[in-house]
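Chains as they are written, first to last, in our numbering: chain V, 42 to 376; chain L, 176 to 870; chain B, 60 to 319.
Just so you know, these hints were derived from the structure itself, not from any lab.
Just so you know, not all the hints are guaranteed correct.
[As the list claims (entries may be wrong)] In silico PhoX-like links for lysine-lysine, alpha-carbon gap of 25 Å or less:
(1) LYS345/V with LYS216/L
(2) LYS312/L with LYS135/B
(3) LYS199/B with LYS312/L
(4) LYS185/V with LYS345/V
(5) LYS311/V with LYS216/L
[As the list claims (entries may be wrong)] To give an idea of the interface, some chain B residues facing chain L are shown, with a C-beta separation under 8 Å as derived from the structure:
(6) ASN163
(7) ALA251
(8) LEU282
The beta carbon of each residue, even a glycine, is placed where N, CA and C say it ideally should be.
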Amino acid sequence: MRHFVIVGILVILMAGLTYVGLDSAGLMPVQASAQSVPIDRMWNEQVIAMSFLFALIVVPMFYSLIVFRRKKGDTTDAAHVEGNTRLEIVWTILPFFAVVLFAYLGGNSLAQTLRADPDAMVVKVTGRQWSWSFEYPDYGVTSKELRLPVGKQVHLQMTSTDVIHSFWVPEFRVKQDLVPGRVTELRITPTLVGAWKVRCAEICGASHYSMETPVVVTSQEDFDAWMAGEAALVAEAAATPEGRGKALVAANGCTACHAIDGVGGNIGPKWNGAFGEEVELSDGSTVPGDEAYLTESIKSPQAKIVAGYESQLMPTYGFTDEQIADIVAYIKTLR
Amino acid sequence: MTKSRSVGSGLLLLVIGGVVGYGVGLGLDFLVTLLTTGSGKLNFSGSVAGLFTLLSSVTAFFFGVVGYRGITRGLNWQIFGTLFGGLFVTGIRFLMGMRGTQLFGSFFFSEPAWVFGALVGAISFLFGVGALDDWMKWARGIDTPDHHEDVPGWEKYLGVSLDHKVIGIQYTVTALVLISVGGLFALIFRTELAQSQLQFLTSTFRLFNQTGPQIYNALMSLHGMVMIVSILLGIAGIMNYVVPLLLGAHDMAFPRMNAFAFWIAVPASVLLLMSLVLGGFETGWTGYPPLSSRGPVGVQMFFLGVFVAGWSSILGAMNVIATVLRMRAKGMTAMRLPILVWASIATSIISLTATQLIGLSFQLVMFQRLLGMGFFDPAKGGNPVLFQHLFWFYSHPAVYVFVLPGLGVISELLPVFVRKPLFGYRWVAMSSLGIALVGFVVWAHHMFTSGMNEYLRVPFMYSTLLVAIPTGVKFFSWVATIWGGKIPNPMPTPFLFTVGAIFVFLLGGLTGPPNATVSVDLHLHDTYFIVGHFHDTIFGGFVFPFFAALYYWFPKATGRRMNEFWGKVHFWLMTPSFLILTFGMMRIGLLGMRRRIADYDAALGFDTTHLVLTICGFLIATSVLIFIINFFHSVKNGEKAEGNLWNSRSPEWQVPSPMAAHNYEVPFEVVGEPYDYGLPGSKYVEFAPAKGKKH
Amino acid sequence: MTHTEDKKTMLSQGIYIFVYLAALTGLEFFVAITFKSVALLVVVALVKAALVVYYYMHIYKLNAEHEGDHDSYEYKSGTNRLGLWLFLISDSFVFGGLLVMRINLLGLTHPNLNQFLGLGVTSVLLVSSFFMNRGETMIKNGDRKGFLTNTLITFILGLGFLIGVVFVEWRLAAHEGLVASFGDPAKGPVGAVFYMMTGMHAFHVLTGLIFLAIVWINGRKGLYDEKSYPVEAAAVYWHFVDVVWIFFYPALYLIGTAIL
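Looking at chain V on its own, in the form it has when it is part of the complex (with noise of 0.2 Å):
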């Protein structure tokens, strides 16, 4: 009896300890999102629960492995005891209720996180190897980085144009597959002003890594403003070929893999000098960087593999013969 009542002191002692050792650790992110609310306390509900089960097991059997230790000299067996079924039943139901509560409680805490605005903002969101864009349809604005006001509901309508890669901020806490061929959904209302990042949780390949771009949430105001900027940015590129095609490449994450101006990444080759110099291909042969052979690159990239780039094939985009010509016109510019 001794055992028990020792024990039961010390289960509460322990559970209380990991609870607050726990707790005070500060386990998870910034809260950034009135959708992190209901995932955080359930989380730490399931703290609570995880630290109590955590002494209930470890406490009696670390107790026994020192109390009950043998004797020198003792070379008898322990009592004969078979089993209770009074006490197996016991902890086959009471866990029975603590599942069926916990399940009930997520569910809660799921349709909290799923909870609809009407008056949110749409955003359509396209993933691709590897890079983000972000389309705000209500302004005719894209943009590499997400931009979010304050307060204010955002629905996210996301596609991938390729492999699977999956959307999360962990200051947000949610998290959302983008599958091609489908629109998935997530809706976000931001809470705290600050910048983050989404990152790709999926792996979508070998820059997986670096799938990551800037959210920013601001207020209402700088927000509008920003907004603004924007679309007096896409009007003003929208008149030349080149600011077509600048805004086509920055719409479709090519600095993904071309570098530009030293910033992107090394997947495919480097794009200043890409018009005008002799270009060495895999084969070892060359061919002069005129605008058929950058149109071609564009249209149907295994044509012709620029040496030292065998290993990362580019897929095509279709893109119209129109779009090829702003870019390359684009790309013309880059020396």
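Chain V is already provided as a structure; the job is to place chains L and B on it using the hints.
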């Protein structure tokens, strides 16, 4: 020739074979690029050179060790089978009018040639090693004896044997080899992760036609799959060695099927390693299309390797079930079966059935790649999420396949060491079946963020959380078994690992429900939290019990025991490092560390943690190295232990070690309960000369 | 042999079961072209499968007690029988997975195939199962000649089925444009599903034919006059292939509306 000398000559030949293979591969690669493009280039880090190095060095090693028979012959046949199959398809494509680069593809052959060649290679291996000899004779109407006498000495382990004990050891040693390979992969990418930014696996790095991040992904994916195969082989090793002994059977129900199931795992392992040199695969072990329907030929080798290894698992499971149902000693009723047997049954039910679904899902992607069939291709009306359903229908229960035998080992060993009956035998036995059966209806909890139908999420949350109940029963019963027992002092190594297993598996179990709860999982999914949780369950459910079982049954197999001191060093080095490793993983996972990334944002401030994790990884590797040295050293030099070393009631310990060729000279009858420790005068088994003939 | 079955009863039982199966197949076809009730088609397929599993595959034999020595031929055959059934359970998960794929990708539509060819090959396979059952019954009763004749008929019918599916149906389907839909965005995955399902089944028919050939050749030498388990194994496997087709036939030809 003594063993050490033959291992020495094996290593020498490994180097020579590697160099020769590298040279041949380099030359062939040069020749083919010359013929197809008109200008040859020496590709020093190319796939073909890598492939030839891999295959010739492994084959040469075994040639040095055992000469041209058994596994050497199998590997040799596999190489020639692969070449033959590849050339066959290439020939057909040539006749169909294909020429030049179209014919040869981006590598030596084209993708169909590699796939067909690899399949032919795997089948050729089985012919070469001799695993099909008896069946071929049966098909021709020739009868063969029930048992073949094994060659004496250690050479029998490198050729086909029908003895379940030999096969059990073959499985175990292969598992240890694969654990070392998978661990080595982990050390490489763990080193890369020690600091943010790419240090050596940079985008200018080239190996096997892959850039640094691609190699990172390939190693990370292979770490997963190689470890999974090693776990499947490890549990098969334990079940093969121990289950017939516990049942009093003279062998498994189907000895030839048993040998076949082991030997098919060898070409499967070779295929998995081939995937690394043939362009790698960067999909993670899950191989989700569309990513897996794009990559290089390596993806196909990965699919094929898993498919072939799956057959090993299926046929092994079939054998275990048949053995338990048909080969029990007299008096061994269902409620007198050792818990490990119950666990083996539960595991085998899953392996037998669900494994087919991962095989099918991988096969469908293979066909999608080879023939353009659009199962999972949205552009052709397919459904990428369907793959995930088929895949997880196996791959979630697979986790229970990995851990149930381990949990059985815990239940089996605890009563022996604490000298007390297993608390609530029936409940523990049934909880294994409960976990296995509930495990069939929880798969979609891996897909809460996948974009599957939303209404499926809540039901799968309920079903997943239900798994906690039978798992809880096990924990409570274990604690109740230890409570009031006579704890050995000092604790022997197998007991240390048993206790360690309970503790680590508890951590894995407790960190599970948050992942099952949809809303919290929206944050946790695909983060390092999952990685930490998963490693806790696998270490607690497989690695620790596996080591416990090896320390425990080693004397039964060899008549000697492993060194206790080094066993304890192994435990006390591995356990704390491992706990720090997984705690660290879960901590950074919650804070925003994604899984499967070659590099992480320095702004997250994870550098210090990752450095600690890497150090822990190396400490674990050191401890396993100590174990492996101890293991092989003790075979010859361990302290003699021929009797009932652990004072167990189990039948296999009532006869001298090592076990005789056909197990029990005198059959036994079960006359009591398996775990009645502390009940004076009780007996589990009684040996009595059989009235009929001996086996 | 301690376990004998009355030859005459067994043979006439085989005939009754065949008549039921043929009638149900006819009903299936009729239902499909008239009122298109999916539920009814599923029920009929389940009844057909149950008849084959019980009366042709003798699943009840798994339950039989085998007394005596674990090394006796009787006992070992019982173990082999269990192993075979475990394998079939495992294998049925492949076909189950294919059906799940078919339901997910095609729903209540099916490829536009030649209905009479489908009914034809289905009948051929069904008849082959009938002869297989006769052959097995005969060798169990020591009638080697009858066994050889019936097994040969089974083999020929099986070969006919294989040719009907692979060389006739596949070609016709290719002409109807199913091949193109391998990779045709407009037509969806119907061709892929059709070829995958029939292909996987045809592969099993092929292995079944190989087993039948082995059993027939060895049976000629009198190998199974006393120890007839291998014949039973080949027969059970052959019936299993038939059971799979009992589900695949409505899944590919009958359920839902035809699309291309």
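Output the indices of the hints that this structure fails to meet, ascending. As far as the earlier hints go, only 4 is violated by this structure.
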